[in-house]
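Novice: The residues making up each chain are set out below.
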Amino acid sequence: MFMKVNRRWLKVFLFTLVVAFICGSVIILTTSKNPLTAIRWFCLGPVSNTYFLGNMLSGSIPLVLTGLAAVIAFSAGTFNLGLEGQLYFATFCATIVALHLEGLVRSFSIPLILFVAFIVGGLAAAFSGVLKILFRVDELLSSFLIGQALIYIADYFLNGPFRDPFAGLSASKYISGSMMFSKILPPSDLHSGVFVAIAISVVVYFVLRFSNLGYQIKVTGSNHDFAHYGGIKVHWVWLVALFLSGGMAGLGGTIDVLGVHGRMMKGFSFGYGFNGIAVALIARNNPISVIPSALLFSYLEVGAQVSSIMADVTPEVSKIVQATIFYLITAESLADFLIGKKVAAHGR
Amino acid sequence: MKKILVLMIVVLSAVVNAYSVALLITGEVGGNAIYEMMVQGAVRASKDFGFDVKVIEGGYNSSKWEPLLISLASTKSYDLIVTFTEGMPKSVEKAAKMFPQQKFALIDGIAPNLANVYSLGFKDEEMAYLAGYFAGLITKSNLPGANSELKIGMIAGDIYPAMTEKMKPAYEKGAKSADEKTEIFFSVAGSWADPNKGYELAQLQFSQGVDVIFLVAGGTGIGAIKKAKELGRYVIGVDSNVIYLAPDVILACVLKRADMAIYEVLKKAYLGKLPLGHSERWGIREGAIGFTFDDPSYLQNVPEQIREKMIDLFEKVERGEITPFGD
Amino acid sequence: MATKVENCVEMKEIYKTFLLNQTKALKGANLCVKKGAIHTLLGENGAGKTTLMRILCGLEKMDSGRIFVNGRHVIIRNQHDALNHGIAMVHQNLSLIEDFTALENIVLQRTPLKFGVFVDLDQARKKIERLMENSGIFVDLDRKVAGLSVAERQKVEILRVLYLEAEILIFDEPTSYLNEIESDQFLRTIRKLRDSGKTVIFITHNAQDALSVSDQITVLRNGTTVYSSEDNNPSLAELTKMMAGETQIFRRQNVHESGKNLISIENVVLREKKRVIGPVSFQIREGEILGIAGFDSSGAVELMEILAGTRRPSDGKIIFLKKDITFQSISERRKIGIGYIPQKKIQVGLSTKLSVAYNLIVNNYKKFSRAGWLNHRKIEEWSNQLAREYEIKISSVWQPADTLSGGNMHRVVIVRELKSKPKLLIACNPTAGLDMKSTDFVHRSFLELCNQGSSILIYSNDLDEILKICDRILVMSKGRLVREFKNTYTLTKDRLIEAMLVHESKPALA
Numbered sequence: 025m026f027m028k029v030n031r032r033w034l035k036v037f038l039f040t041l042v043v044a045f046i047c048g049s050v051i052i053l054t055t056s057k058n059p060l061t062a063i064r065w066f067c068l069g070p071v072s073n074t075y076f077l078g079n080m081l082s083g084s085i086p087l088v089l090t091g092l093a094a095v096i097a098f099s100a101g102t103f104n105l106g107l108e109g110q111l112y113f114a115t116f117c118a119t120i121v122a123l124h125l126e127g128l129v130r131s132f133s134i135p136l137i138l139f140v141a142f143i144v145g146g147l148a149a150a151f152s153g154v155l156k157i158l159f160r161v162d163e164l165l166s167s168f169l170i171g172q173a174l175i176y177i178a179d180y181f182l183n184g185p186f187r188d189p190f191a192g193l194s195a196s197k198y199i200s201g202s203m204m205f206s207k208i209l210p211p212s213d214l215h216s217g218v219f220v221a222i223a224i225s226v227v228v229y230f231v232l233r234f235s236n237l238g239y240q241i242k243v244t245g246s247n248h249d250f251a252h253y254g255g256i257k258v259h260w261v262w263l264v265a266l267f268l269s270g271g272m273a274g275l276g277g278t279i280d281v282l283g284v285h286g287r288m289m290k291g292f293s294f295g296y297g298f299n300g301i302a303v304a305l306i307a308r309n310n311p312i313s314v315i316p317s318a319l320l321f322s323y324l325e326v327g328a329q330v331s332s333i334m335a336d337v338t339p340e341v342s343k344i345v346q347a348t349i350f351y352l353i354t355a356e357s358l359a360d361f362l363i364g365k366k367v368a369a370h371g372r
Numbered sequence: 006m007k008k009i010l011v012l013m014i015v016v017l018s019a020v021v022n023a024y025s026v027a028l029l030i031t032g033e034v035g036g037n038a039i040y041e042m043m044v045q046g047a048v049r050a051s052k053d054f055g056f057d058v059k060v061i062e063g064g065y066n067s068s069k070w071e072p073l074l075i076s077l078a079s080t081k082s083y084d085l086i087v088t089f090t091e092g093m094p095k096s097v098e099k100a101a102k103m104f105p106q107q108k109f110a111l112i113d114g115i116a117p118n119l120a121n122v123y124s125l126g127f128k129d130e131e132m133a134y135l136a137g138y139f140a141g142l143i144t145k146s147n148l149p150g151a152n153s154e155l156k157i158g159m160i161a162g163d164i165y166p167a168m169t170e171k172m173k174p175a176y177e178k179g180a181k182s183a184d185e186k187t188e189i190f191f192s193v194a195g196s197w198a199d200p201n202k203g204y205e206l207a208q209l210q211f212s213q214g215v216d217v218i219f220l221v222a223g224g225t226g227i228g229a230i231k232k233a234k235e236l237g238r239y240v241i242g243v244d245s246n247v248i249y250l251a252p253d254v255i256l257a258c259v260l261k262r263a264d265m266a267i268y269e270v271l272k273k274a275y276l277g278k279l280p281l282g283h284s285e286r287w288g289i290r291e292g293a294i295g296f297t298f299d300d301p302s303y304l305q306n307v308p309e310q311i312r313e314k315m316i317d318l319f320e321k322v323e324r325g326e327i328t329p330f331g332d
Numbered sequence: 170m171a172t173k174v175e176n177c178v179e180m181k182e183i184y185k186t187f188l189l190n191q192t193k194a195l196k197g198a199n200l201c202v203k204k205g206a207i208h209t210l211l212g213e214n215g216a217g218k219t220t221l222m223r224i225l226c227g228l229e230k231m232d233s234g235r236i237f238v239n240g241r242h243v244i245i246r247n248q249h250d251a252l253n254h255g256i257a258m259v260h261q262n263l264s265l266i267e268d269f270t271a272l273e274n275i276v277l278q279r280t281p282l283k284f285g286v287f288v289d290l291d292q293a294r295k296k297i298e299r300l301m302e303n304s305g306i307f308v309d310l311d312r313k314v315a316g317l318s319v320a321e322r323q324k325v326e327i328l329r330v331l332y333l334e335a336e337i338l339i340f341d342e343p344t345s346y347l348n349e350i351e352s353d354q355f356l357r358t359i360r361k362l363r364d365s366g367k368t369v370i371f372i373t374h375n376a377q378d379a380l381s382v383s384d385q386i387t388v389l390r391n392g393t394t395v396y397s398s399e400d401n402n403p404s405l406a407e408l409t410k411m412m413a414g415e416t417q418i419f420r421r422q423n424v425h426e427s428g429k430n431l432i433s434i435e436n437v438v439l440r441e442k443k444r445v446i447g448p449v450s451f452q453i454r455e456g457e458i459l460g461i462a463g464f465d466s467s468g469a470v471e472l473m474e475i476l477a478g479t480r481r482p483s484d485g486k487i488i489f490l491k492k493d494i495t496f497q498s499i500s501e502r503r504k505i506g507i508g509y510i511p512q513k514k515i516q517v518g519l520s521t522k523l524s525v526a527y528n529l530i531v532n533n534y535k536k537f538s539r540a541g542w543l544n545h546r547k548i549e550e551w552s553n554q555l556a557r558e559y560e561i562k563i564s565s566v567w568q569p570a571d572t573l574s575g576g577n578m579h580r581v582v583i584v585r586e587l588k589s590k591p592k593l594l595i596a597c598n599p600t601a602g603l604d605m606k607s608t609d610f611v612h613r614s615f616l617e618l619c620n621q622g623s624s625i626l627i628y629s630n631d632l633d634e635i636l637k638i639c640d641r642i643l644v645m646s647k648g649r650l651v652r653e654f655k656n657t658y659t660l661t662k663d664r665l666i667e668a669m670l671v672h673e674s675k676p677a678l679a
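Chains R, W and F, in that order, are what the protein sequence lines are.
Its first residue numbered 25, the first sequence is counted upward by one per residue in our numbering.
Its first residue numbered 6, the second sequence is counted upward by one per residue in our numbering.
Its first residue numbered 170, the third sequence is counted upward by one per residue in our numbering.
Hints in this document: simulated from the structure, not taken from any laboratory.
Hints should not be assumed to be uniformly reliable.
Unchecked claim - Below 25 Å or equal to it, Euclidean Cα-Cα: the simulated SDA-like pairs (lysine to any residue) are: (1) Lys81(W) to Leu77(R); (2) Lys343(R) to Gly36(W); (3) Lys513(F) to Gly428(F); (4) Lys35(R) to Val226(R); (5) Lys203(F) to Ser318(F); (6) Lys257(R) to Glu336(F); (7) Lys102(W) to Gly201(R); (8) Lys202(W) to Arg187(R); (9) Lys202(W) to Phe181(R); (10) Lys95(W) to Glu62(W); (11) Lys81(W) to Ile227(W); (12) Lys273(W) to Asp300(W); (13) Lys102(W) to Ser284(W); (14) Lys234(W) to Glu205(W); (15) Lys171(W) to Lys35(R); (16) Lys202(W) to Ile227(W); (17) Lys535(F) to Gly101(R); (18) Lys99(W) to Val36(R); (19) Lys230(F) to His248(R).
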């Protein structure tokens with residue numbers, strides 16, 4: 025049953041991928057003076073050398089985590105639109121903690137920093153859950169608005185007391201290298217945080233699929249009247265799911281900082297949250313499928329970057345290509361959700 | 006900008022395997038006077054000497070600049086990668102260490118000395134010194150917009166080392182050399198693109214008796230110009246000649262000749278004469294910093310004795326008789 | 170095309186296999202419907218009746234087969250195609266918008282426009298009034314659907330498809346959710362429809378209804394047509410036999426006389442905006458089956474919800490085994506042994522997207538968990554065992570519940586509640602929508618549960634059901650308990666209906 029659904033998903037995924045790249049190529053074809061080069065770099069750039077390959081892989085790490093964050097919230101039938109802000113604020117707090125942890129061993133400091141990020145992100149998201157439960161505030165709106173506010177708050181501190189005066193831009197001081205994830209494929213950005221991301225997706229997969237909590241989340245998400253009727257504490261499940269969702273987002277940003285940037289920078293995570301929602305949509309809410317769909321997103325990002333470096337594709341054009349591909353894929357996913365919902369991966 | 010791109014493409018497709026240069030713009034070209042000048046200068050050099058220039062805009066999200074720089078280096082397709090501003094030294098250092106074969110040039114910022122890096126800074130303090138002296142003369146003068154108090158202002162878009170350690174002190178020093186009793190008001194907007202903030206800060210300074218403000222604030226300065234116009238006070242521009250925007254209000258501009266600077270850098274690089282492993286700072290003497298002496302509005306609005314004093318000072322700095330910090 | 174009696178719909182050799190669970194729903198079913206007739210499609214749950222009709226309406230694609238409408242071979246790809254041929258289904262789950270008036274609901278799908286922009290309700294109203302005149306089906310067009318009874322809503326649904334100019338109306342188990350009087354009323358309604366020249370296809374598992382109303386009967390069993398009548402009318406026994414393949418008649422002989430008090434309801438009141446239910450007081454003894462008879466508008470459903478814990482009473486007390494449970498949540502009530510079969514079995518009693526197994530364990534999943542992890546092998550074993558034992562037709566316990574037929578979905582709900590061995594089982598219309606065999610089975614299970622000392626509280630629209638298995642019957646009307654009948658043997662349906670009606674100043678019919 026599971027295998028069947030997954031193979032079907034894979035087929036759909038690959039098909040849209042091909043269509044999407046064809047559409048992207050057509051757009052480049054109409055705008056580029058030298059379209060063949062541009063298309064070649066767009067399609068093959070990310071795998072043309074180990075540097076871009078590594079960047080593609082490392083770029084997918086935060087998307088895997090925000091994707092998981094969206095998956096968890098969706099599974100419980102809640103919508104966390106505040107991923108962007110939860111991630112940013114949690115990462116900011118975690119970075120500040122990291123800056124005060126000078127001298128600790130990596131095996132101790134990294135889990136601690138990640139823990140802080142998880143808790144802060146989780147609480148930020150859970151607050152929307154509390155509003156939903158106590159005052160029936162739609163969490164879709166509240167999480168988004170609170171998230172936006174959190175971004176401004178973090179930016180304020182990043183520009184003020186926590187700004188590195190020698191940075192020349194809005195950024196914190198550098199975290200000591202001893203607290204960073206080690207590089208895997210230098211000079212690319214790929215770092216050992218990738219294993220953390222994979223491990224977390226596996227854990228989320230198992231929890232959602234095999235645990236009591238996963239059961240409660242799925243029942244609540246599929247029909248909360250039924251869950252309530254069956255004796256599941258629906259409010260509690262919502263709260264936990266939002267907390268985990270925000271926590272995942274926080275981890276996503278923090279792993280990125282500990283692996284790639286080495287410091288908190290203004291706007292470093294722009295788009296991670298919303299792309300995470302798209303990733304979850306493409307992955308059809310399956311925590312394992314989140315990995316390939318995050319890779320796809322990262323592939324597009326790097327492809328666009330490479331083709332803007334190597335050919336005459338302006339950033340604007342590459343954004344349009346990305347958007348087209350994204351719409352195609354999500355529209356397909358949505359259509360599939362609506363038409364083929366009986367076959368959707370809810371079976372178990 | 007479109008024209009530039011088209012030019013770039015023509016150049017790009019015409020020459021194969023030629024010397025090629027990438028400009029990584031930390032921001033966007035359109036609407037940024039300095040970058041527009043930089044790109045003009047680079048294109049002129051590329052045409053004069055026949056090499057490739059590719060402009061890559063890094064956008065306003067500063068966290069994307071470093072990955073872009075490293076990506077550019079990793080392609081190994083460019084003989085020289087040029088990037089800009091004080092935000093990039095660390096990134097250039099990182100990229101240069103990763104790719105020791107790749108040549109880098111940092112303009113308008115000083116990177117650590119590495120064998121494959123050339124840095125060109127501007128003597129921003131000379132600009133500020135000129136502006137300070139001019140402001141000091143204006144506030145002392147009996148121009149219609151100048152009051153009796155000897156108070157001048159400065160609005161910065163943001164603070165960074167070069168601002169706090171060079172520009173601000175040099176501005177103060179310039180003003181004091183016009184008159185020891187001059188008071189200086191300094192404000193930071195926290196943004197390079199917030200005209201409302203500029204408007205508020207200008208109002209604040211003018212209300213305290215300031216009659217001329219030196220604007221080093223990008224788009225934020227637009228608001229200050231507006232306020233000065235409302236109150237009939239003065240401002241001094243920076244980087245490029247923007248007097249035409251408000252000839253009655255913008256009395257003068259101190260100029261950073263970025264087009265000339267990048268032209269020289271690219272020329273030297275093409276000819277293999279770029280002193281890699283070194284950093285230089287160019288100022289008035291090198292012709293990288295100027296003043297709007299020839300502007301018709303300037304000639305019309307600024308009294309002759311002030312203009313003469315400015316030329317005098319400018320020449321002294323050029324000859325090295327005066328340096329902003331006296332060393 | 171000059172046949173004497175025109176067959177307006179013919180379906181020939183229809184095959185349908187559901188891809189996901191490889192269930193062969195239809196194995197060469199045939200159907201031949203005369204124009205202007207009431208044609209009953211009779212069969213047990215899962216016999217393929219609904220699937221066949223969904224194919225006719227374009228809601229489902231067939232694997233093979235041919236469909237003729239008015240003698241012409243047609244291809245029906247979607248609902249729209251079906252409607253073009255004048256075929257429409259009157260839905261049983263009543264998908265009306267509560268906040269809209271009857272009129273607005275009727276015109277929803279094809280809104281008349283003035284100047285292409287403004288909704289022209291006056292024009293629509295005239296058309297609908299004409300339709301009501303012709304069909305003899307009347308509703309108050311300006312009332313909000315929220316305030317209409319189930320029977321009235323059904324009329325709105327009928328008017329809605331008539332408004333869409335349907336000539337052939339399909340009803341899927343329309344009497345399941347209606348009480349005796351409403352059912353009668355409904356059968357009269359479809360006769361009126363026939364008399365106004367429409368063709369009616371009526372899906373049911375109730376052979377009695379089929380006999381009383383139809384001009385033609387087709388019996389489906391296991392996806393094939395086993396009988397289709399032309400003129401000769403078969404007997405009830407014959408029909409029942411054809412449906413089931415075997416007949417089981419069951420009569421209960423069991424009365425619980427004494428027993429300790431299990432639950433006391435003391436002056437429970439529910440105040441809502443427009444009405445007040447209660448105060449209501451009664452007790453249930455251990456081992457007793459207590460029935461509540463009443464219309465849906467009597468407040469009985471709300472009372473059941475209050476006892477089950479999905480609704481909070483405004484006032485009063487509920488004492489269960491000497492403990493005050495008035496403010497306990499449904500999960501706490503489930504823990505102390507209260508089971509609940511809700512009125513809305515599909516919407517509330519199930520999560521249709523989840524697997525059958527997951528639906529079966531919602532009230533006891535913790536039994537299958539160790540250290541927070543569920544043992545799926547055990548869940549599968551247990552669910553398989555239940556499915557076998559209670560004859561739920563599935564190919565895998567992991568198939569989503571909405572791939573089951575309506576009857577099988579009901580079974581899942583009932584089986585789950587029975588299997589948790591509650592001390593008190595609260596059941597709303599437990600056998601609505603089930604065929605005779607299944608109903609019989611449910612009743613037997615109820616009795617077995619009571620013989621083990623549990624009590625059951627049943628609210629049912631089916632008075633026969635209440636008369637058949639309850640030890641005591643309370644009649645509820647306008648939010649109050651108005652009569653109590655102790656001895657079910659001396660009681661007849663008429664007396665019950667009389668009691669229900671006495672206190673209804675304005676009965677739901679007429």
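Novice: Hint by hint, say whether it matches the structure.
Specialist: Taking the hints in turn, this is what the structure says about them:
1. Lys81(W) to Leu77(R): Roughly 16 Å between the alpha carbons, so the hint for Lys81(W) and Leu77(R) holds.
2. Lys343(R) to Gly36(W): Distance ~21 Å between Lys343(R) and Gly36(W) Cα, so the pair holds.
3. Lys513(F) to Gly428(F): violated (31 Å)
4. Lys35(R) to Val226(R): At roughly 22 Å apart (the allowed maximum being 25 Å), Val226(R) and Lys35(R) satisfy the hint.
5. Lys203(F) to Ser318(F): violated (32 Å)
6. Lys257(R) to Glu336(F): Judged against 25 Å, a Cα distance of about 48 Å means the pair is violated.
7. Lys102(W) to Gly201(R): holds (16 Å)
8. Lys202(W) to Arg187(R): Distance of about 20 Å is within 25 Å: holds.
9. Lys202(W) to Phe181(R): holds (19 Å)
10. Lys95(W) to Glu62(W): holds (19 Å)
11. Lys81(W) to Ile227(W): violated (41 Å)
12. Lys273(W) to Asp300(W): violated (31 Å)
13. Lys102(W) to Ser284(W): holds (17 Å)
14. Lys234(W) to Glu205(W): Status holds; Cα separation ~14 Å.
15. Lys171(W) to Lys35(R): violated (62 Å)
16. Lys202(W) to Ile227(W): Holds: Lys202(W) and Ile227(W) sit about 10 Å apart, inside 25 Å.
17. Lys535(F) to Gly101(R): holds (22 Å)
18. Lys99(W) to Val36(R): Outside the cut-off at roughly 42 Å; violated.
19. Lys230(F) to His248(R): violated (31 Å)
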